[in-house]
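Trainee: Working from the sequences, and respecting the hints, build out all of it.
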Amino acid sequence: MIHKIEDFLKLGRNIPIIDVRTPAEFEQGHIPGAYNIPLFSNEERAVIGTIYKQDSKENAIMEGLKIVGPKMYDYVKMAKDIAVDNQILVHCWR
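When you line the sequence shown up against our numbering, it's residues 368 to 461, in that order.
There may be inaccurate statements among the hints.
Restricting the straight-line Cα-Cα distance to at most 27 Å, the calculated cross-link-like pairs of lysine-lysine (DSSO-like) are [as the list claims (entries may be wrong)]:
1. K420 x K444
2. K424 x K438
3. K433 x K447
4. K377 x K444
5. K420 x K433
6. K377 x K447
7. K447 x K371
8. K444 x K433
Honestly, the hints are just simulated from the structure, not real lab data. All values derive from a computational prediction rather than experimental measurement.
Mentor: Have a look at this one:
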C-alpha cells in the first residue's frame, strides 16, 4: 500500500494513473498525464451529494452503486486498454 504522494507519483512514471473523479474535478486540476475515467458525471455526483446531506451516507452509497454497477464493464475495459503490463494506479483525491 502507498502511504505518500511522492511514492504514488514515482510509480506513476511507469504505470498509468486513472483519475476517477468527475470531469469538473479533473478539469480543475489533475496529475499531469493522468487519464480521466470518472465514476460519476458532474450531475450524478451532485445527486449523490444531495442524498448524502439530506438523507444518509448509506443511501448515498446505495445510489452510487446503482449508478456505477451498469457501467462497470466499460470502466474495466477502458482501464485494461490503458494499463501497462496489466497495471494501473487509481486516483480519487479531493
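Trainee: Hints first: check each against the structure and report whether it holds.
Mentor: Checked hints:
1. As the CA atoms of K420 and K444 are separated by approximately 33 Å, the hinted pair breaks the 27 Å bound.
2. As the CA atoms of K424 and K438 are separated by approximately 22 Å, the hinted pair is consistent with the 27 Å bound.
3. Using a Cα cut-off of 27 Å, the hinted pair K433 and K447 holds, with the two alpha carbons roughly 23 Å apart.
4. Between K377 and K444 the CA atoms are separated by roughly 25 Å; this keeps the pair inside 27 Å, and the hint holds.
5. Between K420 and K433 the alpha-carbon distance is near 18 Å, which keeps this suggested pair within the 27 Å criterion.
6. For a cut-off of 27 Å, the pair hint linking K377 to K447 stands: about 21 Å separates their Cα positions.
7. Taking the CA atoms of K447 and K371, the gap is near 25 Å; set against the 27 Å cutoff, the hint holds.
8. Taken as a hint, the K444 and K433 pair is honoured in the structure, with Cα atoms around 19 Å apart against an allowance of 27 Å.
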